[in-house]
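Starting from the known structure of chain A, arrange chain B on it as the hints suggest.
Number of protein chains: 2
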Amino acid sequence: MSLTVQKFGGTSLADPEKIHRAARRAIRAKLEGHRVVLVVSAMGHTTDELLTLARAVCADPPKRELDMLLTTGEQISIALMAMAIDAAGHEAISLTAGQLGLLTDSAHTRARIQRISRERLDRELAEGKIVIVAGFQGIDAGGEITTLGRGASDTTAAALAAVLGADVCEIYTDVDGVYTADPRVVPQARKIDEISYDVMLEMAAAGAVVMHSRAIEFAKKFNVPIHVRSSLTDAKGTMIMSETQSMEAVAVQGVTLKEDLAFVSLTAVPNTPGVAARIFAEVAKNHIVVDDIVQNIYDGGKFANLGFSTNAADAREARAVCERLAKSLGIGKVEVDEGVSKLSAIGVGMRTHTGIAATMFEALAHAAINIENISTSEIVISCIIRREDGPKALRFIHDAFKLGDTDNRPGSS
Amino acid sequence: MSLTVQKFGGTSLADPEKIHRAARRAIRAKLEGHRVVLVVSAMGHTTDELLTLARAVCADPPKRELDMLLTTGEQISIALMAMAIDAAGHEAISLTAGQLGLLTDSAHTRARIQRISRERLDRELAEGKIVIVAGFQGIDAGGEITTLGRGASDTTAAALAAVLGADVCEIYTDVDGVYTADPRVVPQARKIDEISYDVMLEMAAAGAVVMHSRAIEFAKKFNVPIHVRSSLTDAKGTMIMSETQSMEAVAVQGVTLKEDLAFVSLTAVPNTPGVAARIFAEVAKNHIVVDDIVQNIYDGGKFANLGFSTNAADAREARAVCERLAKSLGIGKVEVDEGVSKLSAIGVGMRTHTGIAATMFEALAHAAINIENISTSEIVISCIIRREDGPKALRFIHDAFKLGDTDNRPGSS
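Chains A and B supply the protein sequences, listed in that same order.
Using our numbering, read the first sequence as starting at -14 and increasing by one per residue.
Using our numbering, read the second sequence as starting at -14 and increasing by one per residue.
No wet-lab data here; the hints were simulated from the structure.
Among the hints, erroneous ones may be present.
Because identical chains cannot be distinguished in the list, a pair is counted as satisfied if it fits within a single copy or across any two copies.
Once the Cα atoms are required to be at most 20 angstroms apart in a straight line, the calculated SDA-like pairs of lysine to any residue come out as [what the hints assert, rightly or not]: (1) K221 with D33; (2) K206 with K318; (3) K312 with A269; (4) K114 with E129.
Chain A with its partners taken away, still in its complex shape (with noise of 0.2 angstroms):
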């Protein structure tokens, strides 16, 4: 018998009408005939409700309190969805991350999870019921409660799914699946029908805010599909899976913006080796998120330009550490530029299609915009731009690409 896992998220959940209209997929998805896991998340803006309640209290709560709190907002979720689903006269049974036995480390506020426990959820399926599971929680070998880090109701599903090896994971939300790219910004923006789990992660990583990264992950490693879809209509949303021939065709599946950067230039490094490594590992320690990293060398190999891209509001702290690091180890000058966007195109056919940066390049010279840095990877070119040109240059590129072009598209509609 198949099996079904929908994540419905906060926005699918506002109010009791929105959580009877996700009720009713689940029963549907029960009628005809599927196993169903429901995922969900906290009402409309709960967890940030909490967060303010929380920071009334306490400027610096301890992690394991924030854990303890933010947690109740989807256990109310999972009561009040069971209880829409038994009004509709159906069986249902909520489970809190403690009683199905989702186990994680103890890293309150961003744990990892370890294990899942197949035997309440097989039973409680076995009866017929439908198992609402809470999103974003677990329990750790003692007991206490963690959390997986904003956004993870997503990794809750996927985990399930991949656990429960289901035929598909749904992830219902407010938009109709992934685009091309931002539809607010570039409104020829398509939506895609089929993209690959690395394709996706490179996405997230470069700035779409669809789902969240580990729930990809997840997925890619246990080769489930998942289905991002709107809770809204019936209409078919994104498949993310393994990559297929078609994909392959396309050398560009979508461009992304990532504002809110910063891009920090450390020049005349001496280029000796253990540097680099010094240098990281101290921008770690200040728990600083770097993104991107450049370096060139130059003088024979003598020095190197070395430059890193970070979150804007990483920048203050980030020009703090390597001004120090660059008293200790001689580097000639730390620039932090905190004006920055990053744009990037992405797809898996770029491995055998040529020509995919330069048609980059010229469409944002054609623009007149600057390119800061670049960096690539196998399926990733990206560029740093100035901020005010993002959304302008991500219009363009995505021109260049024909990405708005439904005739040449394989995978896309």
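Coordinates of chain B only, in the frame set by chain A:
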């Protein structure tokens, strides 16, 4: 080392400032050298708000899911309380019923405590932490989340105090103690300094809403003194404790009014063995709450008039049940009066003092208030009267028993 259990109700935790005030009290007890266990209710009107949400989703929510929903209120409170204590620079840890090991039976929404594990409590207390326990909730042997009934955080506190052999269980609330009568109805009412478990139990049953009855039963069984006091001041409140000689010197310690009752009268009931049993079994089966029962025989014991008080909300159902019974048992007539209240006088001194009933009846006669039914027990005299006469009756008997006098009341101030 002495141990104090402090319980804070929802009104004492309604906002961050009030949470901090409660936290300061716990910290003060800690600094005075006590080990401290805090029991907290849900903030302000949280439980009512969650119930409203539940009813918006499902007219008759499954009880298991109601418990799943409502227990989030106390979980929010324990987390915020731990944060408040942390913000003040002291160590605390919050525990759900599951983490603590507060085991109940499986009767959702009205579970009874079966066992409380000391292990986790002792461990955290030994580390010098203030331990914060979620009131109202429990966990059954299968790991299901249960609740102990509305207002049962008092019960959690009393049960913990009993298990831990606490020196005192302090109940912080928005009144400053137990009064000789409801001060909103009787302005002359005085705070009682000391009251016995039995008198407090009878007062609670007769309409005083200061504390949950089961909490008093726990405290009595394990002889834990309960101190009911205001969360706003440092004034001494009321000690609920074992009977002392000075208590017996007072005939009546308090008077109460239980409103919103109905009185069901069955006339010409065949007085044969098993008839009363048949009647009350049927009433219980229909979940009708029976308050007091009064029966008189007549006609040489051939017939009886049988009456009982019940909640006004149950009146219609009680009538239907009794009319069916009247047919099958050959009972003469069923009358239901929905407009009555119960007036009670309570005190351990009644056992040794005489003329208490006469004083009460004379006071009512003097006020021209008619008595419809009378029932008495060892330490209670109750009269059923017209609801509109209630407040006046309460003032008259409060006066008649000189409860407003400070001169001749040992154990009161």
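Okay, the hints, checked on the actual structure:
1. In this homomeric assembly, K221 and D33 never come within 20 angstroms of each other (Cα to Cα): the closest approach is 30 angstroms inside a single copy and 40 angstroms across copies.
2. For a Cα distance limit of 20 angstroms, the shortest separation of K206 from K318 qualifies neither inside one copy, at 43 angstroms, nor across copies, at 76 angstroms.
3. In this homomeric assembly, K312 and A269 come within 20 angstroms of each other (Cα to Cα) only inside a single copy, at 18 angstroms, whereas the closest approach across copies is 84 angstroms.
4. Only between protomers do K114 and E129 lie at most 20 angstroms apart by alpha-carbon distance; the minimum there is 16 angstroms, versus 28 angstroms within a single protomer.
Violated hints, in rising order: 1 and 2; the structure is consistent with all others.
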